[in-house]
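**Q** This is what each chain is made of:
There are 2 protein chains.
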Amino acid sequence: MNVIAASKQNGFPNLIVQKYGGSSVATSEKICGVARKVKARVETGAKVAVVVSAMGKTTDSMIALARKVSPSSEPPPREMDMLLATGEQVSAALLSMALNDLKVPAISRNAFQLGIVTSGNYSNARIRDINLTLLSRDMERYDVVVITGFQGITPEGDFTTLGRGGSDTSAVAIAAKAGAPCEIYSDVPGIFTCDPHKVPGAHKLEAITYTEMLELASLGAKVLHMRAVELARRYEVNLYCASTFSEERGTSVLKELPEWMETPVVTGVTVARNQVRFVVKNIPGNGDIVSGIFQTLALAGANIDMISMAGDRGLSFLTFTVLDCDEKSVLKAVTDYMNSHNLTGWTLEPGVPVAKVSAVGDGMNTATGVAGRLFSALRSRSISIMGISTSDINISVLVDGTRADEAVEALAEEFALKS
Amino acid sequence: MNVIAASKQNGFPNLIVQKYGGSSVATSEKICGVARKVKARVETGAKVAVVVSAMGKTTDSMIALARKVSPSSEPPPREMDMLLATGEQVSAALLSMALNDLKVPAISRNAFQLGIVTSGNYSNARIRDINLTLLSRDMERYDVVVITGFQGITPEGDFTTLGRGGSDTSAVAIAAKAGAPCEIYSDVPGIFTCDPHKVPGAHKLEAITYTEMLELASLGAKVLHMRAVELARRYEVNLYCASTFSEERGTSVLKELPEWMETPVVTGVTVARNQVRFVVKNIPGNGDIVSGIFQTLALAGANIDMISMAGDRGLSFLTFTVLDCDEKSVLKAVTDYMNSHNLTGWTLEPGVPVAKVSAVGDGMNTATGVAGRLFSALRSRSISIMGISTSDINISVLVDGTRADEAVEALAEEFALKS
Numbered sequence: 003m004n005v006i007a008a009s010k011q012n013g014f015p016n017l018i019v020q021k022y023g024g025s026s027v028a029t030s031e032k033i034c035g036v037a038r039k040v041k042a043r044v045e046t047g048a049k050v051a052v053v054v055s056a057m058g059k060t061t062d063s064m065i066a067l068a069r070k071v072s073p074s075s076e077p078p079p080r081e082m083d084m085l086l087a088t089g090e091q092v093s094a095a096l097l098s099m100a101l102n103d104l105k106v107p108a109i110s111r112n113a114f115q116l117g118i119v120t121s122g123n124y125s126n127a128r129i130r131d132i133n134l135t136l137l138s139r140d141m142e143r144y145d146v147v148v149i150t151g152f153q154g155i156t157p158e159g160d161f162t163t164l165g166r167g168g169s170d171t172s173a174v175a176i177a178a179k180a181g182a183p184c185e186i187y188s189d190v191p192g193i194f195t196c197d198p199h200k201v202p203g204a205h206k207l208e209a210i211t212y213t214e215m216l217e218l219a220s221l222g223a224k225v226l227h228m229r230a231v232e233l234a235r236r237y238e239v240n241l242y243c244a245s246t247f248s249e250e251r252g253t254s255v256l257k258e259l260p261e262w263m264e265t266p267v268v269t270g271v272t273v274a275r276n277q278v279r280f281v282v283k284n285i286p287g288n289g290d291i292v293s294g295i296f297q298t299l300a301l302a303g304a305n306i307d308m309i310s311m312a313g314d315r316g317l318s319f320l321t322f323t324v325l326d327c328d329e330k331s332v333l334k335a336v337t338d339y340m341n342s343h344n345l346t347g348w349t350l351e352p353g354v355p356v357a358k359v360s361a362v363g364d365g366m367n368t369a370t371g372v373a374g375r376l377f378s379a380l381r382s383r384s385i386s387i388m389g390i391s392t393s394d395i396n397i398s399v400l401v402d403g404t405r406a407d408e409a410v411e412a413l414a415e416e417f418a419l420k421s
Numbered sequence: 003m004n005v006i007a008a009s010k011q012n013g014f015p016n017l018i019v020q021k022y023g024g025s026s027v028a029t030s031e032k033i034c035g036v037a038r039k040v041k042a043r044v045e046t047g048a049k050v051a052v053v054v055s056a057m058g059k060t061t062d063s064m065i066a067l068a069r070k071v072s073p074s075s076e077p078p079p080r081e082m083d084m085l086l087a088t089g090e091q092v093s094a095a096l097l098s099m100a101l102n103d104l105k106v107p108a109i110s111r112n113a114f115q116l117g118i119v120t121s122g123n124y125s126n127a128r129i130r131d132i133n134l135t136l137l138s139r140d141m142e143r144y145d146v147v148v149i150t151g152f153q154g155i156t157p158e159g160d161f162t163t164l165g166r167g168g169s170d171t172s173a174v175a176i177a178a179k180a181g182a183p184c185e186i187y188s189d190v191p192g193i194f195t196c197d198p199h200k201v202p203g204a205h206k207l208e209a210i211t212y213t214e215m216l217e218l219a220s221l222g223a224k225v226l227h228m229r230a231v232e233l234a235r236r237y238e239v240n241l242y243c244a245s246t247f248s249e250e251r252g253t254s255v256l257k258e259l260p261e262w263m264e265t266p267v268v269t270g271v272t273v274a275r276n277q278v279r280f281v282v283k284n285i286p287g288n289g290d291i292v293s294g295i296f297q298t299l300a301l302a303g304a305n306i307d308m309i310s311m312a313g314d315r316g317l318s319f320l321t322f323t324v325l326d327c328d329e330k331s332v333l334k335a336v337t338d339y340m341n342s343h344n345l346t347g348w349t350l351e352p353g354v355p356v357a358k359v360s361a362v363g364d365g366m367n368t369a370t371g372v373a374g375r376l377f378s379a380l381r382s383r384s385i386s387i388m389g390i391s392t393s394d395i396n397i398s399v400l401v402d403g404t405r406a407d408e409a410v411e412a413l414a415e416e417f418a419l420k421s
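Line by line, the protein sequences give chains A and B.
According to my numbering, the stretch in the first sequence is residues 3 to 421, in order.
According to my numbering, the stretch in the second sequence is residues 3 to 421, in order.
Just so you know, not all the hints are guaranteed correct.
Copies of the same chain look alike in the list, so a pair counts if it works inside one copy or between any two.
Said to hold, decoys possible - Straight-line alpha carbon distances no greater than 27 Å define the calculated DSS-like cross-link-like pairs of lysine-lysine that follow:
no., residue 1, residue 2
1, 200, 41
2, 70, 420
3, 70, 105
4, 49, 105
5, 70, 39
The set of hints was computed from the structure by calculation and includes no laboratory data.
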């Protein structure tokens with residue numbers, strides 16, 4: 003496997019990067035539980051770089067405190083990151099203590115001590131470099147290095163934080179640089195074929211590709227952050243997501259599925275709810291007006307999706323979806339635009355509540371008839387398809403918003419994603 | 003004044019170091035109050051280096067957490083300091099935010115960022131150096147630099163903490179290095195001639211010398227740490243202690259009182275309670291036995307004070323005091339020692355509860371009759387003197403433990419220390 007090869011090349015044989023999120027280290031008891039889990043890993047002969055988030059809701063309560071001392075202005079982002087960076091230092095020190103108490107040689111390191119250098123944009127910094135020499139030296143003396151996630155320092159030595167999903171990003175970056183695999187532990191046991199809260203019997207996936215994972219972002223949202231998945235894809239870091247609180251097998255996120263694994267046609271089904279679909283009929287003129295409409299919508303801050311356009315005798319016929327919270331601003335923006343250009347004859351129907359249901363799978367590349375199977379599965383339940391878009395590994399359809407769950411259920415059944 | 007001269011020499015004209023303790027920054031409201039106080043100082047044209055402790059009881063609760071994750075062993079001191087160092091970083095960041103909210107240009111700095119290098123003995127490290135170039139650079143851009151007290155880093159970049167009174171020590175060290183005066187704010191308004199809880203009407207001192215302060219340690223215990231006073235004495239840092247929560251004038255601690263100030267004979271009266279006095283009579287032989295007794299007591303861990311010895315016809319007569327908690331171990335140790343040396347004829351009377359009352363004042367140097375005034379003040383209240391020791395600036399007497407408060411009161415009256 004290329005990852006292990008890379009690991010050996012980079013001088014980190016047996017290194018595993020593990021990341022434990024805030025809910026995994028929320029209390030002293032949970033920290034002791036994580037220490038036992040790490041210890042078990044060390045006993046298999048591994049060296050472990052453990053990346054931790056701040057305990058539970060620490061970050062939230064620090065933000066609240068910051069607001070209180072800064073009632074009339076936003077706190078300076080530099081000071082905010084100085085404040086927030088303490089959260090991970092607390093959990094890293096405590097986990098290191100818990101490991102030492104279990105007789106596991108461990109040391110904690112913050113962003114200063116490990117030379118995690120980032121760009122200077124506070125609260126949303128990008129990792130520029132990690133000083134592996136320091137990690138390497140620690141790994142000679144300790145079995146575990148506990149590293150503060152979510153944070154870095156600027157070249158000038160100011161603390162930065164990495165923004166949402168920051169600790170996942172820290173873990174993947176360290177794994178990428180060291181050529182090691184990366185395990186992300188949280189309170190969710192893995193990635194499922196569909197949302198298990200909506201589709202009882204949804205399967206947990208044994209493995210999924212980076213590309214599929216990015217398409218199925220909503221299924222993985224609570225498990226790992228998409229910024230970390232993108233980084234893992236770029237550097238081909240083997241990711242593994244599982245529950246902190248059980249020994250149950252989790253989900254691997256890889257470049258491609260192992261050869262011995264049968265590639266499923268559809269890996270998962272995801273749904274985007276709370277959308278409305280607009281139809282603008284009889285738009286006169288050439289594409290200029292349509293393009294003007296999109297510019298207007300962008301200015302109004304509406305996020306447009308699932309666009310389709312057709313033309314007939316010089317009149318265009320446009321459909322698109324937006325989030326339902328943007329419904330009113332879209333109606334107003336389009337109407338204003340048309341009126342300000344003295345256009346007549348066009349009609350804009352009120353938005354229709356819809357959901358976008360997507361079937362995702364690397365297997366679609368090579369399988370035929372996937373679209374056909376999808377359509378008949380929906381038709382057999384009398385669910386109308388109000389729009390469609392496809393890519394190499396994705397088919398998305400718009401359906402009546404009230405029937406989204408039924409549609410997901412139908413596809414899960416058709417493609418054997420549930421039991 | 004030499005301090006201002008030093009300050010100008012070191013390139014820090016107008017610099018004042020201020021230190022605010024844990025109770026001064028215990029809540030967001032108190033942090034905002036400190037910010038207003040610092041702002042008022044900046045508005046007089048000063049640049050302020052503010053040293054802060056952790057908020058309220060933060061350090062205590064982190065220690066409790068550390069014990070929980072390390073149930074079977076003491077947490078590694080290195081990890082303990084990694085943990086505890088976050089406390090001051092939180093309060094420094096919050097105070098900097100509060101200052102910025104009041105439009106005061108401020109930045110927070112931790113031990114890494116200010117190069118506060120210490121020895122490597124975790125939990126009780128000694129400051130070796132402070133990088134004034136960094137402070138100086140900050141002072142060009144900001145009016146206030148908020149500095150994490152109580153902490154440093156080793157030359158290898160591990161966090162250390164300075165032990166009890168650590169933030170006071172940080173503040174004085176910075177002031178010493180920068181040649182600036184140092185103000186220590188707490189919830190106590192200054193140094194008093196006697197304990198104001200015991201002696202109603204005790205005066206607050208306008209000024210006191212380092213030496214007096216060290217002799218009167220118990221009077222200053224809640225105001226500033228003696229380690230910081232020693233450091234201030236060594237580098238002649240002008241100290242000033244006052245309340246965070248009022249504008250009331252506090253107490254200056256200086257090398258010598260300003261010339262315009264009349265030097266009082268006695269500056270303050272302090273009392274050490276919970277002592278017992280032992281008398282060992284008829285110790286045979288030469289000094290060897292007495293010296294053996296002291297060695298035995300040292301091994302038993304007893305802290306001996308107020309020793310006196312007299313001899314008569316080859317027999318010695320020894321008295322000393324110890325803390326009452328050591329009473330039993332002293333009785334046993336002396337008896338065992340005498341018996342193991344087959345000595346006879348000696349007697350050891352049970353301990354008598356006593357208190358050591360000390361009158362301290364640089365003025366004693368030159369004033370005559372102080373001892374006489376002290377004795378008659380006690381005698382006029384029929385308080386017996388059971389022992390006495392003197393130094394240049396100190397007369398201590400042993401009195402019946404139940405009459406300690408009366409004795410202090412008598413001296414306070416005699417030397418005009420109360421109203």
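**Q** Have a look at residue 49 and residue 105 and pick one of within, between, both or neither, based on CA distance no larger than 27 Å.
**A** within (14 Å within a copy, 49 Å between copies)
**Q** How would you classify residue 70 and residue 105 at a CA-CA limit of 27 Å: within, between, both, or neither?
**A** between (42 Å within a copy, 16 Å between copies)
**Q** Is it within, between, both or neither when you check residue 70 against residue 39 at 27 Å Cα-Cα?
**A** Cα proximity of residue 70 and residue 39: across copies only (18 Å, versus 38 Å in one copy).
**Q** Quick one: residue 200 to residue 41, C-alpha cut-off 27 Å, is that within a copy, between copies, both, or neither?
**A** Intra 36 Å, inter 56 Å, cutoff 27 Å: neither.
**Q** Which holds for residue 70 with residue 420 at a C-alpha limit of 27 Å: within a copy, between copies, both or neither?
**A** neither (48 Å within a copy, 43 Å between copies)
When the structure is compared with the earlier hints, violations turn up for hints 1, 2 and for no others.
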